[in-house]
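Trainee: Quick note: the sequence shown, position 227, residue 227 per this note's numbering, numbers continuous.
There may be inaccurate statements among the hints.
To be verified - In silico PhoX-like links for lysine-lysine, alpha-carbon gap of 25 Å or less:
#1 K66 - K229
#2 K62 - K102
#3 K2 - K35
#4 K35 - K25
#5 K35 - K62
#6 K160 - K147
#7 K147 - K7
#8 K240 - K25
#9 K25 - K229
#10 K62 - K25
#11 K35 - K240
#12 K147 - K90
#13 K62 - K7
#14 K7 - K151
#15 K2 - K25
#16 K229 - K35
#17 K102 - K147
#18 K7 - K66
#19 K90 - K102
#20 K229 - K90
#21 K240 - K229
Derived by calculation from the structure, the hints in this document are not laboratory data.
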Amino acid sequence: MKTITIKELEIGLGAPKIIVPIVGKTQAELIDEVKFLQSIDFDVLEWRVDHFTQVDNINAVKQAAKSIADLLPNKPILFTFRTANEGGVKPWPLTSYIQLNKEMACSGLIDLIDVELFIGDDDVKDIIAVAHRNQVFVVASNHDFEKTPSKSDIIYRLRKMQELGADIPKIAVMPQTTDDVLTLLAATTEMNQQYATTPIITMSMAGLGVVSRIAGATFGSAMTFGAAKHASAPGQLDAKQLRSILDTLYQSHS
1 MKTITIKELE IGLGAPKIIV PIVGKTQAEL IDEVKFLQSI DFDVLEWRVD HFTQVDNINA
61 VKQAAKSIAD LLPNKPILFT FRTANEGGVK PWPLTSYIQL NKEMACSGLI DLIDVELFIG
121 DDDVKDIIAV AHRNQVFVVA SNHDFEKTPS KSDIIYRLRK MQELGADIPK IAVMPQTTDD
181 VLTLLAATTE MNQQYATTPI ITMSMAGLGV VSRIAGATFG SAMTFGAAKH ASAPGQLDAK
241 QLRSILDTLY QSHS
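Please work from the sequences and hints to get the whole structure.
Mentor: What follows is the structure in structure tokens.
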């Protein structure tokens with residue numbers, strides 16, 4: 001599997017890298033969250049911009065992005081508008097979603113952008129092309145908050161993301177049983193060993209799926225999400241606790 005290096009962070013090598021989301025509604029709240037993160041050990045910052053009340057004002061979004069980047073100059077920044085269909089907080093027209101992502105890909109203020117797989121193949125490819133022209137990496141994503149699809153379906157979605165040009169395919173699913181967690185982990189292993197040409201991110205959500213958030217190195221998930229001030233999805237562990245667990249697990253791998 002090839003690795004991806006962003007701001008000297010090599011994704012796909014060693015222990016899973018920790019992504020921490022910020023969810024402030026205002027620029028002041030975002031700056032507070034980022035200042036809090038300056039004392040936390042993590043790898044990538046995710047700005048969940050669907051929480052930002054001025055998300056429909058591109059100048060306000062860029063101003064906030066600049067403030068975030070200035071405070072964390074050495075951390076890769078992942079820009080994510082999570083749609084309401086996939087667990088986000090704000091229903092938004094697809095045209096606005098596409099325009100926002102393209103504008104931010106061109107802004108020079110972010111390092112990675114999240115593009116949801118199911119907005120449509122042509123739109124996914126279009127955003128990816130704009131991002132890549134601007135040296136921005138793309139996380140293609142899919143979230144199922146109801147259930148865990150079959151192993152073959154999980155692998156199909158991850159492979160499709162890869163075929164559309166994503167740098168990092170990501171899937172998050174909801175387990176109803178421990179078998180569901182095993183399905184996700186088995187899909188991750190098969191994808192990683194047989195099909196992946198890029199790092200991938202997979203997780204089983206909620207308390208039942210926590211093992212998937214810490215055992216990525218074993219099964220092939222290159223990144224995981226930890227919470228600092230606020231969690232953005234069910235089952236996220238505290239980032240400090242997560243780093244400690246990963247360090248312990250990964251020492252035994254090496």
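Trainee: Taking the hints in turn, state whether each one holds.
Mentor: Quick rundown of the hints versus the structure:
no.	hint	verdict
1	K66 - K229	21 Å, holds
2	K62 - K102	12 Å, holds
3	K2 - K35	33 Å, violated
4	K35 - K25	15 Å, holds
5	K35 - K62	18 Å, holds
6	K160 - K147	20 Å, holds
7	K147 - K7	36 Å, violated
8	K240 - K25	24 Å, holds
9	K25 - K229	13 Å, holds
10	K62 - K25	15 Å, holds
11	K35 - K240	16 Å, holds
12	K147 - K90	22 Å, holds
13	K62 - K7	20 Å, holds
14	K7 - K151	34 Å, violated
15	K2 - K25	36 Å, violated
16	K229 - K35	11 Å, holds
17	K102 - K147	31 Å, violated
18	K7 - K66	16 Å, holds
19	K90 - K102	19 Å, holds
20	K229 - K90	21 Å, holds
21	K240 - K229	11 Å, holds
The structure shown violates the earlier hints numbered 3, 7, 14, 15, 17.
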